[in-house]
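Asker: Read off the chains here:
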Amino acid sequence: MMKRGSLAVILTLVTVLAILLVLAGLGLSPGPADSTSMPPEEKTGTTAADSGSLRLRQERGRYLAQLANCMGCHTAQGGQPYAGGKELPTPFGTFITSNITPDKQTGIGNWNEQDFWKALHEGKSRDGRPLYPAFPYTEYTKISREDSDAIFSHLQSLAPVAQENPSGRIQFPYNFQPLLSLWRFIYFKPGVYQADSGQSGEWNRGAYLVQGLGHCSACHAERNPLGAVVGAAGGETLGGGQIMGSNWYAPSLTSSFEAGSAGWPLDEIARLLTTGVSLKAATSGPMADVVRQSLQHLTAEDARAMAVYLKSLPESAQPPPPPQAINEQGRAWLERGSAIYEKHCKDCHGSSGEGAPGIYPPLAGNRGVVMTPPVNAIRSILIGGYPPSTSGNPKPYGMPPFAQVLRDDEVAMVLSYIRTAWGNAASLVTRDQVDKSRVGLH
Amino acid sequence: MKTFFLMMAICSIVLAPGAEFAVAAAVDVPDTMAERVKPCVACHGSEGVAGKDSFYPRLAGKPKGYLFNQLRDFRDGRRYYRPMALLLENLSDEYLMEMASHFADLKQPYPPPEPASLTPGEAALARRLIENGDSARNIPACVECHGKALMGTPPFIPGLLGLPRMYMVAQFGAWRSGGLLRGRKADCMSEIGKQLTVEETNALAAWLSSRPVPERDFSVATLAAEMAQRCGDIVRSSAE
Chain A
0 MMKRGSLAVI
10 LTLVTVLAIL
20 LVLAGLGLSP
30 GPADSTSMPP
40 EEKTGTTAAD
50 SGSLRLRQER
60 GRYLAQLANC
70 MGCHTAQGGQ
80 PYAGGKELPT
90 PFGTFITSNI
100 TPDKQTGIGN
110 WNEQDFWKAL
120 HEGKSRDGRP
130 LYPAFPYTEY
140 TKISREDSDA
150 IFSHLQSLAP
160 VAQENPSGRI
170 QFPYNFQPLL
180 SLWRFIYFKP
190 GVYQADSGQS
200 GEWNRGAYLV
210 QGLGHCSACH
220 AERNPLGAVV
230 GAAGGETLGG
240 GQIMGSNWYA
250 PSLTSSFEAG
260 SAGWPLDEIA
270 RLLTTGVSLK
280 AATSGPMADV
290 VRQSLQHLTA
300 EDARAMAVYL
310 KSLPESAQPP
320 PPPQAINEQG
330 RAWLERGSAI
340 YEKHCKDCHG
350 SSGEGAPGIY
360 PPLAGNRGVV
370 MTPPVNAIRS
380 ILIGGYPPST
390 SGNPKPYGMP
400 PFAQVLRDDE
410 VAMVLSYIRT
420 AWGNAASLVT
430 RDQVDKSRVG
440 LH
Chain B
0 MKTFFLMMAI
10 CSIVLAPGAE
20 FAVAAAVDVP
30 DTMAERVKPC
40 VACHGSEGVA
50 GKDSFYPRLA
60 GKPKGYLFNQ
70 LRDFRDGRRY
80 YRPMALLLEN
90 LSDEYLMEMA
100 SHFADLKQPY
110 PPPEPASLTP
120 GEAALARRLI
130 ENGDSARNIP
140 ACVECHGKAL
150 MGTPPFIPGL
160 LGLPRMYMVA
170 QFGAWRSGGL
180 LRGRKADCMS
190 EIGKQLTVEE
200 TNALAAWLSS
210 RPVPERDFSV
220 ATLAAEMAQR
230 CGDIVRSSAE
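So the protein sequences, as listed, match chains A and B. The first sequence begins at 0 in numbering that gives the first Met the number 0 and counts up by one. The second sequence begins at 0 in numbering that gives the first Met the number 0 and counts up by one.
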């Protein structure tokens, strides 16, 4: 952690110097340019005749806010919806989300549509301060003005909650505002989603949802040491990555070896997104959160549109290298893993890793199990868990937590066995890998 | 703990077998609550009865409202135990109520009591608190809420017999540190727990765990209005 932190600081400073030199040479000053923002329109209120359309807009805004999963971050565990206070730990410090209920003192009761648009589209607070990209305006900038206004009208229709949240604890040098402005200058370009006229309306709707409201690349993308999505300047950004500040890996959505869906029927993709399970898969960890909070509310049309877009993403991955041959020591390791599997796993996942599709995921040929890094599979064994309760799957079956039952080496053995049995051919897992994955379990 | 972007995260999709893998017949899974609570029994024991030397308390036969409150409080962070919070984080109130119902309806025999390890003075201290409380410190008698037979008052107040001593010691500690009902409007047991001394809680845990569980059914008792008032939303909140 220390090492990674110091590296990031050094890289920051080097980058700053380099950029300042370049800017001096070009005679530029930092500050985002925005070619797509609209002139401010101050709307002062609605007449009685508008109240029907206002209600429609609020209702639409409620749906859009679900798709953008505003509540996911702006609600503390067990807290009042949208009142903020949730901590987001990152390598740059801990951010604490804000209260976005219409309370005038502690929320956004004094904001107007234009203020909200500026935050969503330009990443700037009402007072003009640049916001940290922990608030995913780098993705939300693709949201249309109309949708932004609808989300705002929904938020303003909520009951105000008076809740003052503490300010974040951002570490030096990241708390130095000019650095943030510089970061924005380099990595952030405001702009609403532009439809690709060569694609269908459905595909474009899916792209808009995935890239904008759904902000999938906030997790399913690699980030550089400064927290910027790699490849943000252009091209696909869903190639998978470690979720910043967490012990989960968000698999690539463009790799057939990870979570790419090119080979899936559209219905199965939509089913996974909206119910949390499909015949071939189950969601866990942060993805289960996203399904519960957000994706289960997708209309059938929007779910299908997302599926159409995700399925169309071009393959980005090379086949992983074949694992090394297993020596005698490795075979003994696997033998012990097999015995643990027999005792703890076989009842649900089957003696040949066949599982029960839609209930207990098959392990034979399971990409989530053989993926590199193996962190998600380790986490699933340690903490167990249920896919989310959704209207399509209200009473999911679950996985027991084994952190209290199995030692690190036992988890490593059984997962090594699973990764090499029934046609699976992935690397063995070490005790150290399991130990590292225990962070955040208690 | 590190969960940057956690709530907007998309990750860990467990995916499917390809055609090159032999497909065996799927495991046959019963469509029952017993099957669905398998993750619970890994620690709490099959039939919801953990061993008597276990830290994990039994679930079988506890009042439904009590179990539901615990499940929801674990999920929402009011009762702090991270493994439970992680396990339950994406389950609905309705589903948690079904789980509570499942365990409440299990009728399983209780383990024999633990051997008593109290001095006569400690036993007397425990019995005094249980029967009379201590009005000088505003500590009600345990029996006022937990029932004359100490087997609880449905649907929200749990029984005190048939629990491992170590579990009760840990619970008293958690009440004292406020870790069990954080954010509840009336936090009656924390107020009581903070009044009790370590000697008193140790005596209570030792005495209670040494008592046999009586066999008759206690589900008729009701909570006195004064105590219900003091317990606040613990005895009101429910998904029902």
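A couple of the hints might just be wrong.
What the hints assert, rightly or not - Cross-link-like lysine-lysine pairs, in silico, DSS-like; alpha carbons within 27 Å at most: (1) K342(A) with K394(A); (2) K63(B) with K147(B); (3) K345(A) with K394(A); (4) K106(B) with K147(B); (5) K103(A) with K123(A); (6) K106(B) with K63(B); (7) K188(A) with K103(A); (8) K147(B) with K37(B); (9) K394(A) with K147(B); (10) K310(A) with K435(A); (11) K342(A) with K63(B); (12) K342(A) with K147(B); (13) K63(B) with K394(A); (14) K345(A) with K37(B); (15) K37(B) with K63(B).
Said to hold, decoys possible - Derived contacts from chain B toward chain A, CB cut-off under 10 Å, selection only: (16) V26; (17) D27; (18) D75.
No wet-lab data here; the hints were simulated from the structure. All values reported here derive from a predicted model rather than from experimental measurement. Backbone N, C-alpha and C define an ideal beta-carbon position, used for all residues, glycine too.
Asker: Now, for every hint given, state plainly whether the structure supports it.
Answerer: Hints, one by one, checked against the model:
1. For the hint pairing K342(A) with K394(A), the CA-to-CA distance comes to about 26 Å; that is within 27 Å, so the pair holds.
2. The hinted pair formed by K63(B) and K147(B) meets the criterion: a straight-line CA distance of about 19 Å does not exceed 27 Å.
3. For the given pair, K345(A) sits about 22 Å from K394(A) by alpha-carbon distance, which is consistent with the 27 Å threshold.
4. Restraint check for K106(B) and K147(B): the C-alpha separation of about 21 Å stays at or below 27 Å, so the hint holds.
5. For the proposed pair K103(A) and K123(A), the alpha carbon gap of about 19 Å is at most 27 Å, so the pair holds.
6. The suggested pairing of K106(B) with K63(B) holds, with an alpha-carbon distance near 13 Å, which does not exceed 27 Å.
7. Our distance criterion of 27 Å between C-alpha atoms is broken by K188(A) and K103(A), whose separation comes to about 31 Å.
8. About 34 Å separates the Cα atoms of K147(B) and K37(B), which puts this hinted pair outside 27 Å; it is violated.
9. Using a Cα cut-off of 27 Å, the hinted pair K394(A) and K147(B) is violated, with the two alpha carbons roughly 37 Å apart.
10. Between K310(A) and K435(A), the direct Cα distance comes to roughly 34 Å. Violation of the 27 Å bound is thereby established for this hinted pair.
11. A threshold of 27 Å between alpha carbons decides the hint, and for K342(A) with K63(B) the separation of about 32 Å lies outside it, so the pair is violated.
12. Distance restraint check for K342(A) and K147(B): the Cα-Cα separation of roughly 44 Å exceeds the 27 Å cut-off, and the hinted pair is therefore not satisfied.
13. Proximity of K63(B) to K394(A) is assessed by CA-CA distance (about 18 Å); at most 27 Å being required, the pair is judged to hold.
14. At roughly 13 Å between alpha-carbon atoms, K345(A) and K37(B) fall within 27 Å of each other, so this suggested pair holds.
15. Among the hinted pairs, K37(B) with K63(B) is consistent with the structure: their alpha-carbon atoms are about 18 Å apart, no more than 27 Å.
16. Checking V26(B) against chain A: minimum C-beta separation of about 4 Å stays under 10 Å; hint holds.
17. Here the hint on D27(B) is kept, as its CB sits about 7 Å from the closest CB of chain A, short of 10 Å.
18. For D75(B), the interface hint holds, since its Cβ comes within 10 Å of a Cβ in chain A; the closest pair sits about 3 Å apart.
Comparing the model with each numbered hint stated earlier shows that hints 7, 8, 9, 10, 11 and 12 do not hold.
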